[in-house]
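Please construct the entire structure, taking both the sequences and the accompanying hints into account.
Residue numbers (this note's numbering), protein chains in the order written: chain L, 74 to 365; chain A, 238 to 428.
These aren't lab readings, by the way, just hints derived from the structure by calculation. Any given hint might turn out to be false.
[As the list claims (entries may be wrong)] Once the Cα atoms are required to be at most 20 Å apart in a straight line, the calculated SDA-like pairs of lysine to any residue come out as:
#1 L:214 / L:250
#2 A:409 / A:398
#3 L:76 / L:207
#4 A:398 / L:350
#5 L:76 / L:101
#6 L:142 / A:410
#7 L:214 / L:142
#8 L:87 / A:268
#9 A:409 / L:185
#10 A:409 / L:108
#11 L:142 / L:103
#12 L:234 / A:261
#13 L:87 / A:395
#14 L:214 / L:108
#15 L:142 / A:411
#16 L:213 / L:344
#17 A:415 / L:234
#18 L:87 / A:403
#19 A:415 / L:108
[What the hints assert, rightly or not] Residues from chain L that face chain A, not an exhaustive set, calculated with beta carbons under 10 Å:
#20 117
#21 121
#22 178
#23 212
#24 269
#25 306
Since this is a predicted model, take the numbers as computed values, not measurements. The beta-carbon is built from N, C-alpha and C at its ideal position, and this holds for glycine as well.
If you want the building blocks of each chain, they are given just below.
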Amino acid sequence: MKKYAYFPGCSLEKIAHSYHVSAIESARALGVELQELEDWNCCGATTYFAIDELLAYTLCARNLAQAEKQGLDVVAPCSGCYKNMYSARKHLKKDADLAEHINFALSEDDLQWTGGSAVRHLIEVMVQDVGLEEVKARVKKPLAGLKVAPYYGCQILRPRKDHEDVEQPRFFEDLLGAIGAEPVDFLLKLRCCGGALIITNREAALSMVRNLLQSALQSGAAIIATACPLCQVNLECYQKQVNTEFGTDFNVPVLYFTQLVGLALGLAPDRLGIGSELVNVMPALAAAGNGR
Amino acid sequence: MSAPVETRLSFLGEVGNLLHAAEGNPINTCIQCGVCSGSCPVAAFMDHTPRRLIAAIRADRKEMVMGSNTYWYCASCYQCTVRCPRGIDIAELMYALKRYTIWKNQYQDGLIGPTFSETFVKTIVGSGRSYEPVLATSYLFTYGLQDFLLEAATATGLMLKGRMPLLPARIKRLDNFKRVVQRIIPMGGKR
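Right, dumping it as structure tokens:
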């Protein structure tokens, strides 16, 4: 069984709890063990770097050093946590002074960073480490007829981590295809949901969410799939506010990709946290013959 | 006679020095092509587009830059960063300007971003984890009545679905964590 140090991140504790349970369950059904990182701390989100860069890297380094202690690579389901820890590791690797300074601080917690643990996003683990053929082989109930908008968002792709295609990625579509669903051609799949602007500039964020919902519907999607808790919250929980502000009547369900993968692997909806949405997803699943 | 040696760092020099712990940012190589502004999903809400802000930094227009909302409205989507033909990390530049104006305690009036960021950091330094209800107090009271009620309705919906934390989480080795923080910023983290 493949094993990783799993970094849930603060959002998955509560507001995105369904992502947490579906991540654990679907990974297990794919032969992947997600062992929660011991005593993890907040990654700093998008706001921490606005205050102090060194401290932001230190927060990430503590988690990375902890994973090293457990001898495992880190897996994050949240795109923000993934990007922060990935970038922190990249900078620490390039800058010995930075690493030394941060290790001096980490010794207060009996931790040292040496760069041993890599940082991965959960979707990457499923697509690359498990592999699409293996996913396909384990599917028990293909999500045939379910039109899904693959919403990549931002930080899973940007800034560029290595040499991957950041303009026309296909891995989300490929994963949805592997579980039998029908990925639609979602024009704004890489466009930002507004992120933390939903708090700091509500007007801008709501208009960004509106554009995304509109584009998803125009692409013929019955459901939007996300790989980030902030995207899910903005797209789903703020739909009512979008409707009030813009006089629209959006009612689009937004699920985590792990929930869709779990359904296709034959797991029961309640084990995947389905039912905690503010926009009911069951009608869309039933319409496609997947309302189990 | 040679010109006197310039002892004061230009604004461009200051901003250039603010970037990444590990490397500089080649702001000076900007060709003003506007790909950043064209790619930015929030540009329409900013008082200056990213392209214009970079021009202002290079022209030493410090007051114009420090009074701008551009970087506080940046959503950190990094679309500009991956597309810039000169390799300028524009999203990180926006972060650097956020830090700069917070240090100087001088930013545009009425912005939620600075207070929100500071509350967020205090929450994490104090507990190791983020906690939504405390964060909410940093912005909710700036809302008008209608927006406040909409936000309250959303929060209630989430609460009914068990998606709102009632108690703040905290890490186990919190004392160690605070000492780690104090080695980075001696004033941070109350004991």
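Evaluated hints:
1. Between the alpha carbons of residue 214 (chain L) and residue 250 (chain L) the distance comes to roughly 13 Å, so the proposed pair stays at or under 20 Å and holds.
2. Between residue 409 (chain A) and residue 398 (chain A), the direct Cα distance comes to roughly 28 Å. Violation of the 20 Å bound is thereby established for this hinted pair.
3. In summary, the hint linking residue 76 (chain L) to residue 207 (chain L) is supported, as the alpha carbons are separated by about 16 Å, within the 20 Å threshold.
4. Our distance criterion of 20 Å between C-alpha atoms is met by residue 398 (chain A) and residue 350 (chain L), whose separation comes to about 7 Å.
5. At roughly 10 Å between alpha-carbon atoms, residue 76 (chain L) and residue 101 (chain L) fall within 20 Å of each other, so this suggested pair holds.
6. A C-alpha spacing of about 15 Å is found between residue 142 (chain L) and residue 410 (chain A), which places the hinted pair at or below 20 Å, so the restraint holds.
7. Taking the CA atoms of residue 214 (chain L) and residue 142 (chain L), the gap is about 39 Å. The hint is violated against a cut of 20 Å.
8. Restraint check for residue 87 (chain L) and residue 268 (chain A): not satisfied, since their Cα atoms lie roughly 45 Å apart, outside the 20 Å limit.
9. The hinted pair formed by residue 409 (chain A) and residue 185 (chain L) meets the criterion: a straight-line CA distance of about 18 Å does not exceed 20 Å.
10. About 17 Å separates the Cα atoms of residue 409 (chain A) and residue 108 (chain L), which keeps this hinted pair within 20 Å; it holds.
11. Under the criterion of a C-alpha separation no larger than 20 Å, the hint pairing residue 142 (chain L) with residue 103 (chain L) is inconsistent with the structure, at around 25 Å.
12. Simply put, residue 234 (chain L) and residue 261 (chain A) have alpha-carbon atoms about 18 Å apart, close enough for the 20 Å limit, and the pair holds.
13. Between residue 87 (chain L) and residue 395 (chain A) the CA atoms are separated by roughly 10 Å; this keeps the pair inside 20 Å, and the hint holds.
14. A threshold of 20 Å between alpha carbons decides the hint, and for residue 214 (chain L) with residue 108 (chain L) the separation of about 27 Å lies outside it, so the pair is violated.
15. Among the hinted pairs, residue 142 (chain L) with residue 411 (chain A) is consistent with the structure: their alpha-carbon atoms are about 18 Å apart, no more than 20 Å.
16. Under the criterion of a C-alpha separation no larger than 20 Å, the hint pairing residue 213 (chain L) with residue 344 (chain L) is consistent with the structure, at around 16 Å.
17. For the suggested pair residue 415 (chain A) and residue 234 (chain L), the alpha carbons sit about 31 Å apart, so the restraint of at most 20 Å is broken.
18. Taken as a hint, the residue 87 (chain L) and residue 403 (chain A) pair is honoured in the structure, with Cα atoms around 9 Å apart against an allowance of 20 Å.
19. In summary, the hint linking residue 415 (chain A) to residue 108 (chain L) is not supported, as the alpha carbons are separated by about 25 Å, beyond the 20 Å threshold.
20. The interface hint given for residue 117 (chain L) holds, since its Cβ lies 7 Å from the closest Cβ of chain A, which is under the 10 Å cut-off.
21. Interface hint at residue 121 (chain L): satisfied, since its Cβ lies 6 Å from the closest Cβ of chain A, which is below the 10 Å cut-off.
22. For residue 178 (chain L), the shortest C-beta to C-beta distance to chain A is roughly 4 Å, which falls under 10 Å, so the interface hint holds.
23. At a threshold of 10 Å, the smallest CB-CB gap from residue 212 (chain L) to chain A is about 29 Å, leaving the interface hint violated.
24. Checking residue 269 (chain L) against chain A: minimum C-beta separation of about 7 Å stays under 10 Å; hint holds.
25. Annotation: residue 306 (chain L) was flagged as interfacial toward chain A, and the flag holds, the nearest CB pair being 8 Å apart, inside 10 Å.
Checked against the numbered hints listed earlier, the structure breaks hints 2, 7, 8, 11, 14, 17, 19, 23; every other hint is satisfied.
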